[in-house]
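Asker: Here is how the chains run, residue by residue.
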Amino acid sequence: MSVESTHVAMTLNDHLPILQVLVPLATAPLIVLIGSRRLTWSLAFIASALSFVIAILLLMQVIDGSVISYQIGGWAPPLGIEYRVDATNAFVLFLVTGISTLVLPYARESVKSEIPARHHTLFYAAFMLCLTGLLGVAITGDAFNVFVFLEISSLATYVLIAQGSYRDKRALTAAYDYLIMGTIGATFFVIGLGMLYMATGTLNMADLADRIADQGANRTVRAAFAFIVVGMGLKIAIYPLHLWLPRAYTFAPSAVTVFLAATATKVAIYVLLRFTFSIFQPAFMFEVNTLEFIILPFAILAMFAASFIAIFQSDFKRMLAYSSIAQIGYMLLGISLLTDTGLTAAIAHLFNHGITKATLFMGVGILVLRSGGSFYNRIQGMGKTMPWTSAAIVIGGLSLIGVPGTAGFISKWVLVEATIEKGWWPISILIVLSSLLAVIYVWRVIEVLYLKAPLAGTNYKEAPLTMLIPMWILALACIYFGFATDVTLTASRAAAQGLLAGSAGMM
Amino acid sequence: MNKQNDNPETFPRLGQILLWVDKKKNVDRIVYALYAICALLFVADFLYHKHTEIKVEEIPGFYALYGFFMCAALVICAKGLRLLLKRPEDYYAPYDTQSEEYPEDQLERIDHDA
Amino acid sequence: MLEQIPTAFLFFAAAIVLFAIPQGRARAALLLVVPVIAALHVWTLPFGVFAQKEFFGFTLDLLRVDKLSRVFALIFTIAAFLGNLYAWHVRDTVQQVAALLYAGSAIGAVFAGDLITLFFYWEGTAIASVFLIWARRTEGAFNTGMRYLVVQIGSGVVLIAGVALIYRETGSIAFELMTLGSLGTWLVFLSFGVKAAFPLLHNWLQDSYSAATVTGTVILSAFTTKLAIYALARGFAGTEILIYIGAIMTLFPIFFAVIENDLRRVLAYSLNNQLGFMVVGIGVGTELALNGTAAHAFAHILYKALLFMSIGAVLYRTGTAKGSELGGLYRTMPLTMIFCVVGAAAISAFPLFSGFVSKSLILSASAHEGHYIVWAILLFASAGVFHHSGIKIPYFAFFAHDSGLRPKEAPRHMLLAMGFAAALSIAIGVFPSNLYALLPYDVEYVPYTTTHVITQLQLLMFSALAFAVLVRTGVYPPELKSVNLDTDWTYRRLIPRVIIGVRKVVSRLWQINSNFWLRRINSAISRLYHSHGPEGRIAQVWPTGSMVLWIAILLGITLIVNFVS
Chain A
2 MSVESTHVAM
12 TLNDHLPILQ
22 VLVPLATAPL
32 IVLIGSRRLT
42 WSLAFIASAL
52 SFVIAILLLM
62 QVIDGSVISY
72 QIGGWAPPLG
82 IEYRVDATNA
92 FVLFLVTGIS
102 TLVLPYARES
112 VKSEIPARHH
122 TLFYAAFMLC
132 LTGLLGVAIT
142 GDAFNVFVFL
152 EISSLATYVL
162 IAQGSYRDKR
172 ALTAAYDYLI
182 MGTIGATFFV
192 IGLGMLYMAT
202 GTLNMADLAD
212 RIADQGANRT
222 VRAAFAFIVV
232 GMGLKIAIYP
242 LHLWLPRAYT
252 FAPSAVTVFL
262 AATATKVAIY
272 VLLRFTFSIF
282 QPAFMFEVNT
292 LEFIILPFAI
302 LAMFAASFIA
312 IFQSDFKRML
322 AYSSIAQIGY
332 MLLGISLLTD
342 TGLTAAIAHL
352 FNHGITKATL
362 FMGVGILVLR
372 SGGSFYNRIQ
382 GMGKTMPWTS
392 AAIVIGGLSL
402 IGVPGTAGFI
412 SKWVLVEATI
422 EKGWWPISIL
432 IVLSSLLAVI
442 YVWRVIEVLY
452 LKAPLAGTNY
462 KEAPLTMLIP
472 MWILALACIY
482 FGFATDVTLT
492 ASRAAAQGLL
502 AGSAGMM
Chain B
5 MNKQNDNPET
15 FPRLGQILLW
25 VDKKKNVDRI
35 VYALYAICAL
45 LFVADFLYHK
55 HTEIKVEEIP
65 GFYALYGFFM
75 CAALVICAKG
85 LRLLLKRPED
95 YYAPYDTQSE
105 EYPEDQLERI
115 DHDA
Chain C
2 MLEQIPTAFL
12 FFAAAIVLFA
22 IPQGRARAAL
32 LLVVPVIAAL
42 HVWTLPFGVF
52 AQKEFFGFTL
62 DLLRVDKLSR
72 VFALIFTIAA
82 FLGNLYAWHV
92 RDTVQQVAAL
102 LYAGSAIGAV
112 FAGDLITLFF
122 YWEGTAIASV
132 FLIWARRTEG
142 AFNTGMRYLV
152 VQIGSGVVLI
162 AGVALIYRET
172 GSIAFELMTL
182 GSLGTWLVFL
192 SFGVKAAFPL
202 LHNWLQDSYS
212 AATVTGTVIL
222 SAFTTKLAIY
232 ALARGFAGTE
242 ILIYIGAIMT
252 LFPIFFAVIE
262 NDLRRVLAYS
272 LNNQLGFMVV
282 GIGVGTELAL
292 NGTAAHAFAH
302 ILYKALLFMS
312 IGAVLYRTGT
322 AKGSELGGLY
332 RTMPLTMIFC
342 VVGAAAISAF
352 PLFSGFVSKS
362 LILSASAHEG
372 HYIVWAILLF
382 ASAGVFHHSG
392 IKIPYFAFFA
402 HDSGLRPKEA
412 PRHMLLAMGF
422 AAALSIAIGV
432 FPSNLYALLP
442 YDVEYVPYTT
452 THVITQLQLL
462 MFSALAFAVL
472 VRTGVYPPEL
482 KSVNLDTDWT
492 YRRLIPRVII
502 GVRKVVSRLW
512 QINSNFWLRR
522 INSAISRLYH
532 SHGPEGRIAQ
542 VWPTGSMVLW
552 IAILLGITLI
562 VNFVS
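Same order as they appear, the protein sequences are chains A, B and C.
The opening position of the first sequence corresponds to residue 2 in the working numbering, with each subsequent residue numbered one higher.
The opening position of the second sequence corresponds to residue 5 in the working numbering, with each subsequent residue numbered one higher.
The opening position of the third sequence corresponds to residue 2 in the working numbering, with each subsequent residue numbered one higher.
The set of hints was computed from the structure by calculation and includes no laboratory data.
Ideal Cβ placement from N, Cα and C applies to all residues, glycine included.
Treat the hints with care, since some could be wrong.
Unchecked claim - Looking from chain C toward chain B, a few residues come up when the C-beta cut is under 10 Å (computed):
1) F13
2) N144
3) Y331
4) R407
5) Q457
6) I500
Stated by the list, open to error - Stretch-level coverage of chain C by chain B, calculated; a stretch enters the list once three of its residues show a Cβ under 8 Å from a Cβ in chain B:
7) 211-221
8) 310-322
Use the sequences and the hints to build the structure in full.
Answerer: Printed below as a string of structure tokens:
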């Protein structure tokens, strides 16, 4: 690699990439070792907030399109492990740490009511590990390291989902299902990596990209691509590999659902982007065909099938889970267009949907906290008794539909623009039509919350401020990013251009 | 045909004088006067030199006859027209002012002897 | 310096100042002072073009003063004065402001030297005047006002469309003599025609003038239509088609006037008929004819206002202006009756009254140019005017059968306003040379010749004779509570009915269609529910094994695609 990448650690600022992972990673055992129930939340929150600051600092350094390369222990790649930060993953880091920093204050009350106190320390430790894994996946420049961090986050996730069993025993089977599926996905992924290593003899992403570009496509590389796409597809919950998702989201503790919905699938999409565009070349025919004949149809199928299921749901939380699958369809659609604008739309939607879904799942969590369930007949009429929570849900719902003036509108608009740019206007129409389905399922919730009479004998208090404030920050962000479009779009465009530059972008 | 409790004494001075036309006989007098004037005007046509632009004007009494017969025709035609066009007063109601009372607060209805 | 201030702005400024003065005599006095100042201003203006303003690259001439615009502006200020004096008792800010803005806009339009300025004032008159109708504050008046506004604004829209076309064609927005030919000029012509109440476009006039307030109608009667007459005289003098349009205009309203019951509506019809004379004068287009039009407009505004004032006074005292409800009012409202008779004599063109010296200019001009049939129609219309305005109005209001109403004489300020108008009508009739001096062209015309006086008296007296004979024989149609259909029937009845009919058919078809689709959609939804609903195949909880099967299938497909490509 280039000469100037030889790393000389000078200041704390130079160590930011490793600190990004190290802070939560070190916090997890610290929480367990200290073992104090009182301190545990504070430690987790401080770690998360620190990570968030680090992510902002990193994003500021790379938003202009530059790249930070950090060599762990001073071992130069390809032998050593390299952390690379560019606009794309800095954006993902920002989203993940931002959400976790907002989820933690929210989690405090929610976890108190859903999980027995004796498990709190372990819960927060697992949460920290999950965060570590997601951050590591995003930041590393080493393909095998991706697998390692993916497993860290996945294992922590299984544990977190299983914590929902104190509220509903079905959380255990949901976690089990996810365990099976996630493991298969990770296995496929690592098989793909093995094949790549066989073909190229390296695991450093930049190096991989160079060598694949040199030798061109052969069977091993093709098979590796197929395994990696399907393996990651499982984590992303590409339709029809989504089957673990609705149950996992439905039965996990509220705070976990918020965190996973906003970050886990997004990080997986990031990995898919990284492999599809940076390591493999979008110029390869097999890649174009895979995207066009497999990802694209399934993305469109997801937009409709999952939306229809969402329409017919009678459980708010489950409805949102299905809507997530439909929304992932939009992101995959943007990716499969293989254009600058399409990628911009996908990355912007990744962010916008992250904050939108986080708002909504936080809203559900609050409703669950007060009413004890998320079924429509359980939460009906709560718009009157809990006006603040319900108003935030409405804002999130509008953003989910993509009403102008909300974040959801911006990315959908860019997506429609991208399809028209490519001349695929029937797909533009399909996007609009599937948004209409979103109108229906969001309206059902609004109807339940506002137009139905509250259940007899219930008079719920408004949520505690520690939950309301994070939710409203996100709800206002939905509106803010609906007007201040240049923030998200500039970052997304920078990321998209970096990705489309292929291995050149890895230099 | 005065009202039952009409007291002409309270009418304005000018009104009292004009009550002269209240009598049928006096109305007849006016009509006879009109006949006389008309006759005089008709005769007058023969007594001076008419400055005319158009041939028909030279016919003696052209203006008189034209005025009389055209007016009679006008009234008779209009009467026929009424058969065709007359509708009840509330035909366009309520989108019309014809069937409405004039708003009382914008009026100052006072009886003459109030 | 003074000539750089458009006269219209005096009125607009007053409309603002108005709000600073409390409701009462001071405010009513302001309403009287403004037209006086405006009249002096108009009188002192030198001829020429002043107050030019830049506007989006156009030069607007806000003040083009020549003899034609001056005579109209002058009579408009007089009309504003009379109207405001008559409305001395009104304590309604809406009507006061509307009257000022309306008069200002009309005067502004008369002084407009270009078509864009004309357009702005044109719409200004429309918007300001409608409040005089709405001020009656009844449902019927609101609806009538809406109809009026649609027509008036529509006229402005057609005007600006025409102006745009003319500008594209000639590159000029100057308001000068035009020749009918291009679409642009036709549109402008049509727009003027709507405001001038051309036949078939006329019905807004009768509809609205009978609906406005007592005082509002007096103000309405002066401006809108005469502004259109001015615009036609400026833009389309000598356009032959106007002769025939004008002739029809003098003719048909008199039939309606004979059978109309609402006396203010009768006056509106006769107003329409008088406009016809002016339009003929414009169509003939000679200097004599144009002088006739200007003179007739001048005289007409005065006596028409006088007639509306007298009937308005009756309405003010009795609450009705319907012939069938009135009668015998001469006993207690003798002065109003006398003023009404003066107005009637003026409109009928009795010698020594203003109509005599103005209308004859137009009749002479048309005969002089060889339009014999038109001349005959105008002569008939003159007789008809006397019949319905000259005799019918005073007869049914103040004489005829005794209605038993004994209202008090009109208030003093109304009598004063009527007195002014009556005095001016007589003064013009007795000293015509003063009016003639104001006219656009220098023309020698002597109205008082033996022939003219005797023939005119013959015409009028024999018309009166016909009236007397018909009334005494009982042939004369009695005043009945009724409305008469006019062209407004088409848009108030026919078109709505057609629309309702079409709507019925369409809604029936739509219903059949939507039932068909509704059934389709319902079955589609139930199928969707079957598959996607919570218990449906797709949304069910799948056994773990089948999920893995899906993974295998997808991997297989992906591998195949990868290898094949």
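Asker: So, for every hint listed, does it hold in this structure?
Answerer: Do the hints match the structure? See the list:
At a threshold of 10 Å, the smallest CB-CB gap from C/F13 to chain B is about 26 Å, leaving the interface hint violated. Because the beta carbon of C/N144 sits about 4 Å from the nearest beta carbon in chain B, less than 10 Å, this interface hint is met. At its closest, the beta carbon of C/Y331 sits 5 Å from a beta carbon of chain B; the interface hint therefore holds under the 10 Å criterion. Because the beta carbon of C/R407 sits about 5 Å from the nearest beta carbon in chain B, less than 10 Å, this interface hint is met.
Of the supplied interface hints, the one on C/Q457 holds, with its beta-carbon coming within about 7 Å of a beta-carbon of chain B, less than 10 Å. This hint is violated: C/I500 has a C-beta 15 Å from the nearest C-beta of chain B, more than the 10 Å allowed. Given a C-beta distance limit of less than 8 Å, the hint that chain B covers the stretch 211-221 of chain C holds, as 4 residues qualify and 3 suffice. With 6 residues bearing a CB less than 8 Å from a CB of chain B, the stretch 310-322 of chain C meets the requirement of three and the coverage assertion stands.
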